[in-house]
Amino acid sequence: MLNYRNTNIVFFVLFALLLLFSFFVTVNWGLFLLLFVARFIVIITGSTQIPLNFFLKAYCNNPLEKEKNIALTFDDGPHEMTLLVLDVLKKHNTKATFFCIGKNVEKHPEILKKIISEGHIVGNHSYDHSRLFDFYRKDKLIAEILKTDALIEKISGKKAILFRPPFGVTNPSIKRALEVTKHHVIGWNIRSLDGIIKNEKLVFNRIKKLISPGGIVLLHDTSLQSVNALEQLLQFVEENEYKVVSLEQLLDIKAYED
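For what it's worth, my numbering labels the leading residue of the sequence shown as 1, then goes sequentially.
Keep in mind that the hints were calculated from the coordinates and are not lab data.
One should not assume that every hint holds.
To be verified - In the DSS-like style, the derived pairs of lysine-lysine whose C-alpha atoms are separated by at most 27 angstroms in a straight line are:
id	residue 1	residue 2
1	Lys91	Lys201
2	Lys95	Lys140
3	Lys91	Lys254
4	Lys95	Lys57
5	Lys182	Lys113
6	Lys182	Lys140
7	Lys243	Lys68
8	Lys90	Lys209
9	Lys147	Lys114
10	Lys57	Lys107
11	Lys68	Lys103
Modelling step: build the complete structure from the supplied sequences, incorporating the hints.
Spelled out as C-alpha cells, the structure:
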C-alpha cells in the first residue's frame, strides 16, 4: 500500500542505490533531481487526496456496503443557509452529518442547537478553517481541534470524535495531532464541488454520476446552489431506491465519545 512511510523507504532505497552506483559508473546527476521531484509530487498528491490514506486512515466510504446506502455530509457551517438545508432534510425525513467550524459555532450557536435537536450528527472541522491550517505545528492543531470540541460539547452535551480536515488536506503534523485527540477522520468519495460550481444542475449531475452504495457525499451548507442541488439529490435518491443513513451506521463507528 502506498503511504508516507513506504514512500520514504522506497525513495531512500532508490537514492542509496543511485549513490552506490555513482562510485562505479557514471551517473547522470539529473537522476537525483528527478528522484527528489518525483518524491515531492507523490507527497503533494498524498497530502491533497484524502481517499488515498497516505498519511493517516480516513473513512471515505464503505466499500463493503452491499445495500444502496449512502451518507450525506455538510461542511463549513453553521451558516444562515444551514436553516434551508435543514428544511430540505426534514422534508425528506433525512439525517446528515454537519462538520462545523468553531468560529461559526460561536457566531450561530442557535443554528447548531437546531442541527442537534433535529437529530443530525455534528463533527469537528477545525476552529477557523484557515488556509494555513496544514502548515500549523502539532500543538496549534491540537488547540484548534480541542477548542472546537469544547464549543460543540457546550451546546450538545457530547464530545464529537469525528473530524474532517479543512480542504481534506493531511500531513504528518495533522496525523500526530489526531493521535492525541483520538478523532476518527472522515473524508468522502463523492465530491460535489459545490464550493466551486455555481450551477445547481451541474452540482447535482456530478453527484449523480458518482453515487454508488457505501458512498459519502460532500456538500456545503453555505450556498443556495447547494440547497437546490440537495433537493434534486434527495428526489433522485427516493426515485432510485437509495437510502441515506448516518455515518455511524454506514461506517459502523461512533460519532461521540461514550
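Hint check results:
no. : hint            : in the structure
1   : Lys91 / Lys201  : holds (20 angstroms)
2   : Lys95 / Lys140  : violated (32 angstroms)
3   : Lys91 / Lys254  : holds (26 angstroms)
4   : Lys95 / Lys57   : holds (25 angstroms)
5   : Lys182 / Lys113 : holds (24 angstroms)
6   : Lys182 / Lys140 : holds (16 angstroms)
7   : Lys243 / Lys68  : holds (6 angstroms)
8   : Lys90 / Lys209  : holds (25 angstroms)
9   : Lys147 / Lys114 : holds (21 angstroms)
10  : Lys57 / Lys107  : violated (31 angstroms)
11  : Lys68 / Lys103  : violated (36 angstroms)
Checked against the numbered hints given earlier, the structure breaks hints 2, 10 and 11 and satisfies all the rest.
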